[in-house]
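Top line first, the protein sequences correspond to chains A and B.
Going by my numbering, the residue at position 137 of the first sequence is 137; the numbering climbs one at a time, nothing skipped.
Going by my numbering, the residue at position 269 of the second sequence is 1269; the numbering climbs one at a time, nothing skipped.
Please note that a few of the clues may not be correct.
Calculated pairs, DMTMM-like style, for lysine to aspartate or glutamate (alpha carbon to alpha carbon, straight line, at most 25 Å) [unchecked claim]:
#, chain 1, residue 1, chain 2, residue 2
1, A, K307, A, D352
2, A, K307, B, E1282
3, A, K307, A, D266
4, A, K304, B, E1293
5, A, K177, A, E217
6, A, K307, B, E1022
7, A, K304, A, E217
8, A, K287, B, E1282
9, A, K9, B, E1022
The set of hints was computed from the structure by calculation and includes no laboratory data.
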Amino acid sequence: MLGYDARVKIQEADAKGLLLAQGLPVPGWSVSRSASEARGAAESFFAAGAGRVVIKAQVLVGGRGKAGGVKLASSASEAEAVAAGILGMSIKGITVRKVLVAAAADIVKEYYLSAVLDRSARRILLMGSAEGGVEIEQVAAERPDAIVTIHAHPHLGLADWQARQLAYRMGLGGQLKAAVGIAKGLVRTMLAYDADLVEINPLAIVRGVGPDGSVAETLVCLDAKVTLDDSALPRHPELEALRDPDEEDPADLEARQSGISFIRLDGTIGCMVNGAGLAMTTMDLVKRAGGEPANFLDIGGGAKADKVAAAMRLILADPKVDSILVNIFGGITRGDEVARGLIAARAQQVRDVPMVVRIVGTNAAEAAALLEAARFETATSLDEAAAKAVGASARSAA
Amino acid sequence: MSILVGRETRLIIQGITGREGEFHARAMQAYGTNVVAGMTPGKGGQRALDGTVPVFNTVAEAVEETGANTTCIFVPAFGAPDAILEAVGAGIETVFCITEGIPALDMIPVVEAVRQAGARLIGPNCPGATSPGRAKVGIIPGSIHREGDVGVVSRSGTLTYEAVQAMTDAGIGQSTCIGIGGDPVIGTTFLDVLRLFAEDRETRALVLIGEIGGAAEEEAAAWAAENLQHLPKAAFIAGRTAPEGKRMGHAGAIISGGSGTAASKVAALEAAGFRVAGSPTEIPGLLRAAGYEG
């Protein structure tokens, strides 16, 4: 599916867990759901010699730091107060329910390193930069030369020499062995969990005091971001649990369980379409006709009546919807199946919303007969359907 | 003439005994495609499609017995990469993989193996290709087509049908219509298909149907600007009004280097001489405005 990515984001703490399981150096952390838990976690880090602890909101949206979701504390009581402030705060509409607590690192220098699926090259791409800890898009836009890239071989993976070259170019020659291990570990993590992105930002040289009192510098992963390929989840049942139900909209959950691709938008015209490209086109034409789509909804190929009913529930659950446009181009999907589903769904509908239906392709004639008998408003072309749906929405609003 | 599929196509259906495979194999045969064999491990010796098509246990056996040169794969997602490799290993030249939901990382070594073997993979997660009046491979409804000389390439399924139907309704026929598939890692790109159309003397105009995301449309446009100036060209890009922030994450956006938005694709296509439609129904008119006489 294009345009709308079928990817599963997971939280920093879970991403760190995956890296640790693949043998990468990740300093210890603890996840707390309450301020008192955070205090307990902070106490143990202080007891182990930490000067300060960092408390980080665990949400799936970027920009946590700017939103005040990442803070330092110098005592257990301060940690408790800071955690109390972060827990429950809203970051880009998401309520913070968990915080990560860890010893604040004594950072010598920050770097950026990621492994990502490069669609154009059809290979895994390693990207590194000596400018870590800042947004990498900003580095890419302002100083593209500061980013070093190398592709893993499609059969052989990332060779040692490639990892060494990457490390030297990033200025990590002084930490060569660790850098090579981490670069190869990112690729290993990607393959082990079917990730399409494994990002460490920052990767950092940190100063620590060893057991004998000597000061040593080590290269460690201070943050982690991992996104997983939805298609591969059936063979990683343990990863399914990493979806955060607290952050998943109930509508998204129903859509996922019904096998429907659904994204809620701000408009008033509910759209039900088969195929992602056609769904986006339908939205474009609604907008062109002067309306605003209320959602992106792709019922997929070969949808049966029950899926149509589920799609209708999803659309009508949005109170903003005052008009519905159904656009089906039958290929695998049979038009008469969709028509029966629509008729059944309308009979159970909780509120009456005007609907315009266009069904063409496989079994379109049977669909037309069913819809006419049931007195549905129909349309022949997509442009006509969009215009009718926009007109119905305007009348509803008036 | 046509590209990828035609009268010379001798087709195997991998997964012919499954529900989808059987249904679409029947439609392909009814369209006139030369379906020479089916393949399902353990079902060798049976006959499919009312006894008209022999079923083999291996692709190699099917190739030896029938001289097949093309395959269409309807194998479930986790088995499809292996099915592609088996076909290529048996010497099949053109592999269509209809299967959707194959994990992206599984396809990286497979696409490389296909390339090394000198074969061609279309898809996965693609609707296939039709050369109207000659043959169809895949799931595109045969009824939407009309014989003609306009090449169509798209990465969508139903959106392609929409555009092709609009052309057919306007009396514009197609030489070959190809859906390359919407997955992150695919075997044949827009650019690859444009190169094939450029060499096909009976393709006299082109239609490209893209979507937001990635850089494949921009890459194809850059090549077309240099090499396809002589052909009338029209295009459509889906997702022009899709909101930002629902797509690729940070690192992905960097790779595409600022491309990937509808505006970037439309600009690249217009610069290459494509007339870009605001609705699929405008494609026929734009083709004619670009000098297409058919």
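* Assess, step by step, whether the Cα of K307 of chain A is no farther than 25 Å from the Cα of E1282 of chain B, and give holds or violated. => It is violated: about 32 Å lies between the C-alpha atoms, which goes past 25 Å.
* Keeping to a limit of 25 Å between CA atoms, is the pair of K307 of chain A and D352 of chain A held or broken? -> Roughly 20 Å separates the two Cα atoms, so the pair holds.
* Asked: Given the hint that K287 of chain A pairs with E1282 of chain B, does the C-alpha gap stay at or below 25 Å?
  -> holds (16 Å)
* Pair hint K304 of chain A and E1293 of chain B, alpha-carbon separation not exceeding 25 Å -> violated (42 Å)
* To do: Take a quick look at whether K9 of chain A and E1022 of chain B sit within 25 Å of each other, Cα to Cα.
  => The given pair, whose Cα atoms are some 37 Å apart, is violated under the 25 Å limit.
* Asked: Holds or violated: are the alpha carbons of K307 of chain A and E1022 of chain B at most 25 Å from each other?
  -> holds (23 Å)
* When you check the alpha-carbon spacing of K307 of chain A and D266 of chain A, does it fall within 25 Å? -> holds (23 Å)
* Starting from K304 of chain A, check that the Cα of E217 of chain A is at most 25 Å away, please. => Distance of about 61 Å is beyond 25 Å: violated.
* Would you check the hint for K177 of chain A and E217 of chain A, treating anything up to 25 Å between C-alpha atoms as holding? => holds (13 Å)
The structure does not agree with the numbered hints 2, 4, 7, 9 stated previously, though it agrees with the rest.
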